[in-house]
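> So the chains spell out like this:
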Amino acid sequence: MFAIVGHWLKLLFVRLGILPFLVLIAVLVFALMSENFLTTRNLMNVLRQSVYLTIVSLGQMLALLSGGFDLSVGTILAISSVVGALVMAGLHAAMPESIALAITLGFLAGVLAGTTIGVANAIGVAFFNVSPFMMSLGMASVGFGIALYLTGGVPVYGMPIEFGDIFGFGVWAGIPAPVWFAALLVVLLAVLLYWTPWGRHFYAVGGNVNAARLSGINVKGTLIATYVLCAAFAAIAGMLLTARLDTGEANIGASMPLESIAACVIAGVSLRGGIGRVENVVLGALFIGLIQNGMNLARIESYLQTVVLGSLLILAVVADQIRLRFVASIKD
Amino acid sequence: MNGDHAPLLAASGITKDYPGVRALDGVDFDLLPGEVHVLFGENGAGKSTLISVLSGAARPSAGRIEMNGISVEIHSVHDARALGISAVFQEFSLVPQMSAQENLFLGEERRKGMFLGTAEMRREATRILAELGFLLDAKRPVHRLTRAEQQMVEIAKAFRSELSVLILDEPTASLTDHETEQLFTLIRKLTARGVGIVYITHRMAEIRRIGNRITVLRDGRYVATLPVKDADDDTLVKLMTGRDVGAVFPELALPPPGREILALDRVSTAAGTVAEVSMNVRAGEIVGLAGLVGSGKSEVMQAAYGAIPISAGEVRYRGKPVRKPSPRMAVREGFLYMPPDRKNEGLIMMRSVRENMSLAALNCAPFRRGMFLDLGGERARVGQIARQLNLNPCQPERSVNHFSGGNQQKTMLARSLTKKFDLIVFDEPTVGVDVGTRAAIYRFIVEQARAGSAVVVISSELPEILNLSTRAYVLYRGRIQAEIERSELSEETVLEHYFERGSA
Chain A
1143 MFAIVGHWLK LLFVRLGILP FLVLIAVLVF ALMSENFLTT RNLMNVLRQS
1193 VYLTIVSLGQ MLALLSGGFD LSVGTILAIS SVVGALVMAG LHAAMPESIA
1243 LAITLGFLAG VLAGTTIGVA NAIGVAFFNV SPFMMSLGMA SVGFGIALYL
1293 TGGVPVYGMP IEFGDIFGFG VWAGIPAPVW FAALLVVLLA VLLYWTPWGR
1343 HFYAVGGNVN AARLSGINVK GTLIATYVLC AAFAAIAGML LTARLDTGEA
1393 NIGASMPLES IAACVIAGVS LRGGIGRVEN VVLGALFIGL IQNGMNLARI
1443 ESYLQTVVLG SLLILAVVAD QIRLRFVASI KD
Chain B
18 MNGDHAPLLA ASGITKDYPG VRALDGVDFD LLPGEVHVLF GENGAGKSTL
68 ISVLSGAARP SAGRIEMNGI SVEIHSVHDA RALGISAVFQ EFSLVPQMSA
118 QENLFLGEER RKGMFLGTAE MRREATRILA ELGFLLDAKR PVHRLTRAEQ
168 QMVEIAKAFR SELSVLILDE PTASLTDHET EQLFTLIRKL TARGVGIVYI
218 THRMAEIRRI GNRITVLRDG RYVATLPVKD ADDDTLVKLM TGRDVGAVFP
268 ELALPPPGRE ILALDRVSTA AGTVAEVSMN VRAGEIVGLA GLVGSGKSEV
318 MQAAYGAIPI SAGEVRYRGK PVRKPSPRMA VREGFLYMPP DRKNEGLIMM
368 RSVRENMSLA ALNCAPFRRG MFLDLGGERA RVGQIARQLN LNPCQPERSV
418 NHFSGGNQQK TMLARSLTKK FDLIVFDEPT VGVDVGTRAA IYRFIVEQAR
468 AGSAVVVISS ELPEILNLST RAYVLYRGRI QAEIERSELS EETVLEHYFE
518 RGSA
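Protein chains in written order, with the numbering used here: chain A, 1143 to 1474; chain B, 18 to 521.
One thing to keep in mind: the hints can contain errors.
Away from chain A, derived, C-beta distances all over 12 Å, residues of chain B [said to hold, decoys possible]:
| id | residue |
| --- | --- |
| 1 | L152 |
| 2 | V159 |
| 3 | T197 |
| 4 | I204 |
| 5 | R235 |
| 6 | L269 |
| 7 | P272 |
| 8 | E293 |
| 9 | N297 |
| 10 | G311 |
| 11 | K337 |
| 12 | Y354 |
| 13 | G363 |
| 14 | Q401 |
Selected chain B positions facing chain A (in silico; Cβ < 8 Å) [stated by the list, open to error]:
| id | residue |
| --- | --- |
| 15 | A347 |
| 16 | I365 |
| 17 | R368 |
| 18 | A377 |
Derived from the structure by calculation, the hints contain no laboratory data. Think of the CB as a built atom: it goes at the ideal place given N, C-alpha and C, for glycine as much as any other residue.
Next comes chain A alone, as it looks inside the complex (with noise of 0.2 Å):
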């Protein structure tokens, strides 16, 4: 009896990963743990405050997908929140009266900041060759520097208060505006990944980039689209949650980058690319977003938190290695 459920729980170890599981578990432990858990209310804050997490993840996974990574998104949502608040809040200033304008041109200019980050790396590891790794990281201490020289590292206040009523607090038929947006990228990536040639492009340079050049595929512009889509998903992330603090601060997302690989990992994106779903990555970043509000609730101190986020972090890799061996075993 054991023997058959313990062989269709690896089958289906198999087949999904682990994240079914840490879901399972984690919902259980933490509904026993705080009886607000498992409530609508809660679930729907759960939602709201993965959004971002999610966005950013999804430009993550196009980095991972393509046998690279993207240490830079927590510096692109940094520049981005900065650049457009000060846009914003200047032009808020000089034309107090059109205030749809401000909106519109800070939000535009934050995001195009943001994805600015995301050309450097681009031409670096498509045109240079340099090393993703290399190439995203210094990226993110001139990004991070540039955020800080902008603004003395002080927040940037006097946006419009639109603006924040809108994209940060809004709810459009009992659903908060944020969440619309990321639905609305969600279903934008999953089209572009599964049902264009672009999207079969980007598995194919990660899966084997000697194999795609010599299939045709032009592997310099599907790096390029990668680093620059990646950028612009943690920049959109960058205003909206710039909207929701009401200011522009030049330390937002410094878990970022830690949170969007663990989110993508844990839901089974490879790091040696070519294999990654969209709506699995969602089910990864709601999963840690799950897993902070429930430890919020049971009221465990944020300094454990992170500890626990490594943790899973690294779990999630060791069981995808015991995974790769289970597939290797049951190989027919």
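Guided by the hints, dock chain B onto chain A, whose structure is given.
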């Protein structure tokens, strides 16, 4: 052959079960001192599993192994070494950054007290290499050695301790002819010393040259053991596949060629691997490119395809000069090059057969509709091609790394069916592929030409050039030595130009 000796190694009833599959089913195998015993069979017949068992890399589920008449248990590679059994697999177990000498003693470092006995190891290494007649610098890091020299280091590792059984898994797969000769000389030396050799190869010519006996496996079962002199090609193929495959090479009755598709005019590559090559390929013909490893025969086509940079000369495709060739432009214009190394250059191993097959044709119907992929159309077309090529198992959604070598090769070659290609280049199309699949691939190549495509076959195996080409070029050191028409094509005419002009 030393028939009167007791077997050096005797395995009986070896069975190996993996969950859900029996890789070996009661296989018997024996090895006499001083003989070369060839293991023969299709991909997936159980050859690799058997040598894994013998070398201690895998433990059998049932069966017994005797050495010199005494029953032994082999639980690990270490146990096997202690018994004098060593294996050289296709994947070397060398640390590239370390020197040959350091690699030689990896895991069995000689010590002096608690320190490394460097001087002793150096003496030992020099002695072993000299004894084997290997001329290589033991202090040089392994990544700077040639593939053949790396193999020498791998073989030399087996001689750290007393060696009685040496297992070689397709050792000549990536060696040049000259290097192969060196290996054969070594094998003769070893057998003269009474070492028994288990040898896996798909190449009939090698079996003839160095083999004493052949054991054929099929679907994990023992089929037969016979002396090499009794084993002609037809018998072996029949034993291996269990059926009559018919002629390995198909009939070459092709209509006269059509217009010129590709022309090279004094093309040289930046790396100097190709020098002033002029040649052409016409629709409906199969042009063979022959030459030694390193003769530039692959590089000529890679240059035309845009995979390596050209420094001088002109490439004309369908009559129009191509200013700067690139694989991207080439594929778009209907020119496909399929590389010899399917694992590293051809396939995306962790993705499905479907995605791998359609990779070069995602820009056109039935794979694409407007700006989106047509997943239904893709599934239908790939399924159709998979059935046509007898993909086994016929499950295009499985990832490529779960298929045997022959089926992986089929998956890559299937790309040429995904859209209309005017020029298809097959670079070593049958590397590591068993004879049954090989015959299928040859038929496939000829059908492509019959359908009107211009076809180029690049091969280091002379029979492929002789039997498949309607016209052939022989290359030596990056230059074309000869162009030979079908009527003139023979082993002598090709070999005459294989080596330096005048010296052969």
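> Please go over all the hints and tell whether each is borne out by the structure.
Here is how each hint holds up against the structure:
With a cut of 12 Å on Cβ distances, L152 (chain B) stays outside the contact zone with chain A, its closest approach being about 33 Å. The non-interface label for V159 (chain B) is consistent with chain A: the shortest C-beta to C-beta separation is roughly 23 Å, beyond 12 Å. No beta-carbon of chain A comes within 12 Å of the beta-carbon of T197 (chain B); the shortest separation is about 26 Å. Separation of I204 (chain B) from chain A is adequate, the least Cβ-Cβ distance of about 33 Å exceeding the 12 Å criterion.
Interface exclusion of R235 (chain B) from chain A stands, the closest Cβ pair being 18 Å apart, more than 12 Å. The beta carbon of L269 (chain B) sits about 28 Å from the closest Cβ of chain A, which is more than 12 Å, so the claim that it is off the interface holds. The non-interface label for P272 (chain B) is consistent with chain A: the shortest C-beta to C-beta separation is roughly 29 Å, beyond 12 Å. Every CB of chain A is more than 12 Å from the CB of E293 (chain B) (nearest about 25 Å), matching its label as outside the interface.
At the 12 Å boundary, the C-beta of N297 (chain B) stays outside the reach of chain A, the nearest C-beta of that chain being 23 Å off. Remark: the non-interface label on G311 (chain B) is consistent with the geometry, its nearest Cβ contact in chain A lying 20 Å away (cut-off 12 Å). Against the 12 Å criterion, K337 (chain B) stays outside the reach of chain A, whose nearest CB is about 18 Å from its own CB. A beta-carbon of chain A comes within 12 Å of the beta-carbon of Y354 (chain B); the shortest separation is about 6 Å.
For G363 (chain B), the non-interface assignment is contradicted: its Cβ lies about 5 Å from the closest Cβ of chain A, within the 12 Å cut-off. Consistency note on Q401 (chain B): stated as away from chain A, and its beta-carbon is indeed over 12 Å from all of that chain's, at 20 Å minimum. Annotation: interface hint on A347 (chain B) holds; nearest CB of chain A at approximately 7 Å, less than 8 Å. Given hint, I365 (chain B) at the interface with chain A, holds; its Cβ is 3 Å from that chain's nearest Cβ, closer than 8 Å.
Below 8 Å, beta-carbon pairs count as interface contacts, and R368 (chain B) has one with chain A at about 5 Å; its hint therefore holds. With 8 Å as the threshold, the beta carbon of A377 (chain B) comes within range of chain A, its nearest partner Cβ sitting at about 4 Å, so the hint holds.
The earlier numbered hints that this structure contradicts are 12 and 13.
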